[in-house]
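The sequence shown begins at 1 in our numbering and counts up by one.
Hints were generated in silico from the structure; no laboratory data involved.
Cβ coordinates follow ideal geometry from the N, Cα and C atoms, glycine included.
Treat the hints loosely; a few may be bogus.
Claimed, not checked - Calculated cross-link-like contacts (lysine-lysine; reagent style DSBU-like; alpha-carbon spacing at most 35 Å):
(1) K138 / K48
(2) K114 / K6
(3) K48 / K6
(4) K114 / K133
(5) K88 / K114
(6) K6 / K138
(7) K133 / K6
(8) K133 / K88
(9) K114 / K48
(10) K48 / K88
What the hints assert, rightly or not - Ranges of calculated distance between the beta carbons of each label pair, as one might list FRET restraints:
(11) L60 / K133: 30 to 38 Å
(12) S136 / K114: 34 to 42 Å
(13) I18 / G112: 25 to 33 Å
(14) K133 / P63: 32 to 40 Å
(15) K6 / F59: 28 to 36 Å
(16) A149 / M68: 35 to 43 Å
(17) S136 / I78: 21 to 29 Å
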Amino acid sequence: MTNSFKIPQLLLRMSLGIGFLSTVSDRLGILGPMGPQSPNIEWGNWDKFIDYTGLLMPFLERPAVNVMGALATITETIIGLLLITGFKTRIAAISSCILTSIFALAMTIFLGIKAPLNFAVFTTCFGSLILAKMPSYKWSTDEFLTRTAA
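Please build the complete structure, drawing on both the sequences and the hints.
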């Protein structure tokens, strides 16, 4: 029996990508408002997300926190889309690992170790690292482009 990563890498790629887009959707209010009617909504709107971002960067003024929140959101959106489509997968996975490492560090320093554990930041970080080390990405845009170039 051969050791194949075809299905696991696809599932890991999809779950990481969907996870990023889900958090972006939450902070943009696409998934609904935060409250008792929506128990799984963390922020529900941009202002609550920026308030949370400020907790992770208490050394920055609000305008700088807005910029950092926007940069994180744009980066997470791009990483999520790249992972789901399988385009530049290795770069997206490495970027995901770096970004979530930064999140984990900030969350641990300013909120305590429980915060990154609650958000599965370490799991996302290390899952991204594993994905980056995969030898190939079956059923991806990368694979398609490699086959058509040959």
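Now for the hints, and whether the structure bears them out:
no. : hint                    : in the structure
1   : K138 / K48              : violated, 38 Å
2   : K114 / K6               : holds, 33 Å
3   : K48 / K6                : violated, 39 Å
4   : K114 / K133             : holds, 28 Å
5   : K88 / K114              : holds, 32 Å
6   : K6 / K138               : holds, 6 Å
7   : K133 / K6               : holds, 13 Å
8   : K133 / K88              : holds, 13 Å
9   : K114 / K48              : holds, 20 Å
10  : K48 / K88               : holds, 32 Å
11  : L60 / K133: 30 to 38 Å  : holds, 34 Å
12  : S136 / K114: 34 to 42 Å : holds, 37 Å
13  : I18 / G112: 25 to 33 Å  : holds, 27 Å
14  : K133 / P63: 32 to 40 Å  : holds, 39 Å
15  : K6 / F59: 28 to 36 Å    : violated, 45 Å
16  : A149 / M68: 35 to 43 Å  : holds, 38 Å
17  : S136 / I78: 21 to 29 Å  : holds, 22 Å
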